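The task is simple: from the sequences and hints, build the whole structure.
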Amino acid sequence: MAEQEFINCAIGGIVKVTVKDGVITRMRPLRLTEEDGGHWTIEARGKRFSDPRKTTINPFNVAERMRVYSENRIKYPMKRKHFDPNGERHPELRGRDEFERISWDEALDIVASEIKRIRETYGPAAITAFVSSHHNYGLLFYKMGPMPRFYNILGYTQLLDNPDSWEGWHWGSMHTWGWYWRFGQCDNFDMLAEALKHTEQVVYWSVDPNTSAGGYGGQETVIWREWLRELGITGIFIDPYCNATAAHMADKWLAPRPGTDAALAEAIAYQWIVDDTYDHWFIENRTAYFDEWKAYILGETDGVPKSAEWAAPICDIPAHTIRALAREWASKKTMLACGSQYGTAGACRNAYATEWASLMIHLIAMQGIGKDGVNIWGGTAHGAPLNMSFKSAGYSDAGWDVFGLVAKQPTFPNRNQVTQRVYRLLLPEAILNGHIEWRGEGFCVQYPTQQFKKMEYPEPGPNGAEIRMIHRHGGSFISTMTDTNRWVRMYQSPKLEFVVMQDCHWQSETKFGDIILPASTNFEHADISEWAQPGGYGNGNVNCNHRILIYQQKCIEPLWESKPDYEIYCELAKRLGIYDEYTEGNSEEDWIRKVFEYTDLPKYITYEEFKKKGYFVVPSVPEDYKPTVSNKWYYEGRPVDTPDRFNPLQGNEKATQMATPSGKIEFKRSILEQYFPDDEERPPIPRYIPLFEGHESKGIVEKYPLQLMTPHAKFSYHTHQDNKIDWLNDIKQHRVKKDGYAYWPFRMNPADAEARGIKDGDVILVYNDRARVLGVALVTERCRPGLVHSYQAGAKYDPLEPGVPGSIDRGGCVNLLSPSRMTSKNAYGEANMSFLVEVRKWEA
Amino acid sequence: MTRYGMVIDVSKCIGCYNCFLACRDEFAGNEYPGYSAAQPLRGMNWIKVIEVERGRFPKVKVNHVPVTCMHCEDAACLRLDQSGAVYRRSDGIVMIDPEKAKGNKALLNLCPYRVIEWNEERELPQKCTFCAHLLDQGEPEPRCVESCPASALTFGDLDDPESKVSMLLATGQVVPMHPEYDLKDKVTYLNLPKKFVAGTVIYGDVGEVAAGIDVLLSGDGKELSAKTNGFGDFEFEGLAENVQYTVKIEASGYQPVTLTAKTSRDVYLGEIVLTK
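Residue numbers (this note's numbering), protein chains in the order written: chain A, 1 to 844; chain B, 1 to 276.
Take these hints with a grain of salt, some might be off.
Partial selection, computed: residues in chain B whose CB lies under 7 angstroms from chain A [what the hints assert, rightly or not]:
no.	residue
1	K12
2	I14
3	N18
4	R24
5	F57
6	P58
7	V62
8	F231
Derived contacts from chain B toward chain A, CB cut-off under 10 angstroms, selection only [unchecked claim]:
no.	residue
9	F20
10	E26
11	G43
None of these hints come from the bench; they were simulated from the model.
Bear in mind that the values here come from a model prediction, so they are computed numbers and not experimental data.
Even glycine gets a Cβ: it sits at the ideal position worked out from N, Cα and C.
This is the structure in structure tokens:
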């Protein structure tokens, strides 16, 4: 067979796939042709910047074929050896038991009969199922499709996702400036041209775009930052670690202690007030409660002026440097590169990060957000001049049943008859303790107080039930969830009568299943998608140089005995009598065609042409296009004009306002004052609060004096590439091979390493009261003193004593070490950006 | 005639390793008869990325330097190899014939850049081919260049004065990695890391950073001047290695300060406090 080429889309970019004799031989970025169109040019300061004519992909996608053929693929349906559905189940052996190969029929029969048995014995609420983000890509057949549609029809306890990676914005800044439909983060349209034309300086505060702003969008925005440099637009980086972008291009790096960013922000504000270098007009006309906050900053209410001298010992940055930062910022047209989707994660995942996130809005408001060149520009990674009027679909557009976009009967939100919910961060406690309480309905994007709603599991009354069965679909929370040993203990609970794991790879969590179902990757079936388009709460957040819709062509047959997820659920649906409702008579191809017809594609291309070519570039904006720069309408007092499809204020009498009670940016969060007037962990007036586990935490810091910070990684999207693509283990910043084992790196300052007798490349034990994890020390000046830095979510949980909670882990599962305590008492988010550890050289 | 070359701009390289991974993807397990034998599935590095950390806290930067076969016009491997396994195509690409080179491990030692690697499975010395098999099919550039998101790697025809690579060469800033080897490299560099001398100036009496003041650096037969920025920082970048430099800081009303800095490594002088 000759070579064939296919188009598909991976989690980090569109790939052109070469297949020879039924085997993938290469993956490449896409080179656009002249007739593909989509051109744009930005003229700024005498230079012209045009769209690159090839797409970019993330490093792990360049190596994607090794993920497809990974030795860690699940090849056959498996059953845990000591699991007998008709006899002893031995849940205590989960995580250390062996597996035996079974047939698909056996596997599906067991899963179907267990679903039936558990429904009949305990009711449908006794089943939960969940999926993670994002092991494959595709609109229909991945995250919000096959699994939720299946379980919506059957009825199940939905696992509510915690707003993850944007905690501070969701629970904090939402109450400062609204944007609740986008998790408290603003939209970011037409920002690239705005910055190139008008901005003089960018403050990258706890963001590392060259590492993690790529997300789905590959490395499309790397070139933008090269353009910024070319124009002499300076970059100030604030991060305890000299992150990859800073190390590459910082004009100035400031390294506050982890978790002290709010103090730094307050000191900047103080300086602007005493220097009188803030935008009085904006404060007077576009904000509320400034004077109350100003009184706090000046120390009029508590006797403590929040001056540079006050902040200096907290942040461990000299007071004169803090003042210099404030003056530099105020003297130039400055973009703040956090606060929208690709400027997320980082400091917003610290304890009490609500305070820092709100203060970021205070600072940019003081400088008049929306003025030419002054704005929030998340990670400098949104807002190429793209045609947003073209109708497409994002994977979250229809909620938890993406088929609902085109189905006769969408199954979300009303088909699931079970009203009980459980919260992801507390699932181990739900199983182990039988009862949990929390606030908020998961991704709370309906209205600002949705996150305050008190929730309880099990649901009181006859419809609630304790969970007895888990169906895990793709990914691994062992690694991404805090204090991960909780999950190990959970899976070994006898209360969990049945656990089915459905995935492409053996993830850290997979071996805790009773039945293992091998799923195929998105290269082994067809799908449709728009590149990097989350839709819904992230609509318009396209961090690419083009909008491209993709017919994700099937490149190869499913490997080994794996099956596409949709097919697996179809088989289960047949056994449970819901096949007709599940499919509505549609084949995979029928669904794809219906989505094609749902979009604007038919106006430009026939289905057959699209299917054959594999992609379509959305045409350029018209010549007379008028940019709609985010937040500029607010500054200018106009109705909002951005193409933010789900902005509820658009077109009504509040269209010139922020979505807060006052309609303005609020320096005192009046909603919090109303609902939680006495919450000292999230007070109405945001302020620096020392971390519950930080440099000021007496009683802990003496024993564990180092702060470990754990941002998102570059070379693996969560757990989805690590431990699957071993080429990545040759990249020092990803893993370091030592005595034949690829260890996860922990970075340390030379002084801290020397004090412990640790040399670069040594195997070290990183530990606290929660866990012990082995890794390799990278001794580097990029770490401020007292800091240990390691990326979270390595995919290898490799306990020296398998299946034993608390065992030393050799794989580098950093979240074993993190606290499960939440952002604050009424903000139910992860607070694992930084916490305390000690480190010593490991001598086995 | 077409004569291929590449310019690598180190100042643009962000260290994403796409070039390294794309090279693996192209050659690991893939046979290109007439060009190259398949690499084993793992372990070979026809282009690698060298990470260079510079400076000390809090003045740190990192450069990444991709290194591959330089396809030298005066290639040492070609000149010194007696077996006839190494040849040069008419477009200048230096190739190792996988048939003739079998077992010839000595070839690895002929290259001063050490970019020829041993394929254990096939008992072959191997190296970068500029993806000659793709160029011959009409592809414009090798996989490493194609996959670079920062356009740090520029590939093209050295004989075409209009090509991007020729235009970069015409700037006169492009250098071989090791000029002393004198091999007429056709992979050349912009902005290879040299050494910097930097510092931060503070007015001791008022406890503020000293912005906009003059800093003079002398040494290596040169005199350079800079002004401190809004953080009181100054930086002299691109200095020669192992030179003893003198830094003079003068601000009116303050005592002048003279410091020395030896560029055996990058030097951050720390906070320099001016006194009246």
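Hints, one by one, checked against the model:
1. Hint on K12 (chain B) holds. Least Cβ distance to chain A is approximately 6 angstroms, under the 7 angstroms limit.
2. The interface hint given for I14 (chain B) is met, as the beta carbon of that residue sits about 5 angstroms from the closest beta carbon of chain A, less than 7 angstroms.
3. Using the Cβ-Cβ criterion of 7 angstroms, the hint placing N18 (chain B) at the interface with chain A is satisfied: the shortest such distance is roughly 5 angstroms.
4. At about 5 angstroms, the closest approach between the beta carbon of R24 (chain B) and any beta carbon in chain A falls short of 7 angstroms, and the interface hint on this residue holds.
5. For F57 (chain B), the suggested interface contact is upheld, since its CB lies about 5 angstroms from the closest CB of chain A, less than 7 angstroms.
6. With a cut of 7 angstroms, the hint placing P58 (chain B) at the interface with chain A holds, because the nearest CB-to-CB distance is about 6 angstroms.
7. At its closest, the beta carbon of V62 (chain B) sits 4 angstroms from a beta carbon of chain A; the interface hint therefore holds under the 7 angstroms criterion.
8. A hinted interface residue such as F231 (chain B) counts as satisfied when its beta carbon comes closer than 7 angstroms to some beta carbon of chain A; here the least separation is about 5 angstroms, so the hint holds.
9. For F20 (chain B), the suggested interface contact is upheld, since its CB lies about 8 angstroms from the closest CB of chain A, less than 10 angstroms.
10. Interface restraint check: E26 (chain B) against chain A, minimum CB-CB distance 6 angstroms, threshold 10 angstroms, status holds.
11. Restraint check, G43 (chain B) versus chain A: the minimum CB separation of about 8 angstroms is within 10 angstroms; hint holds.
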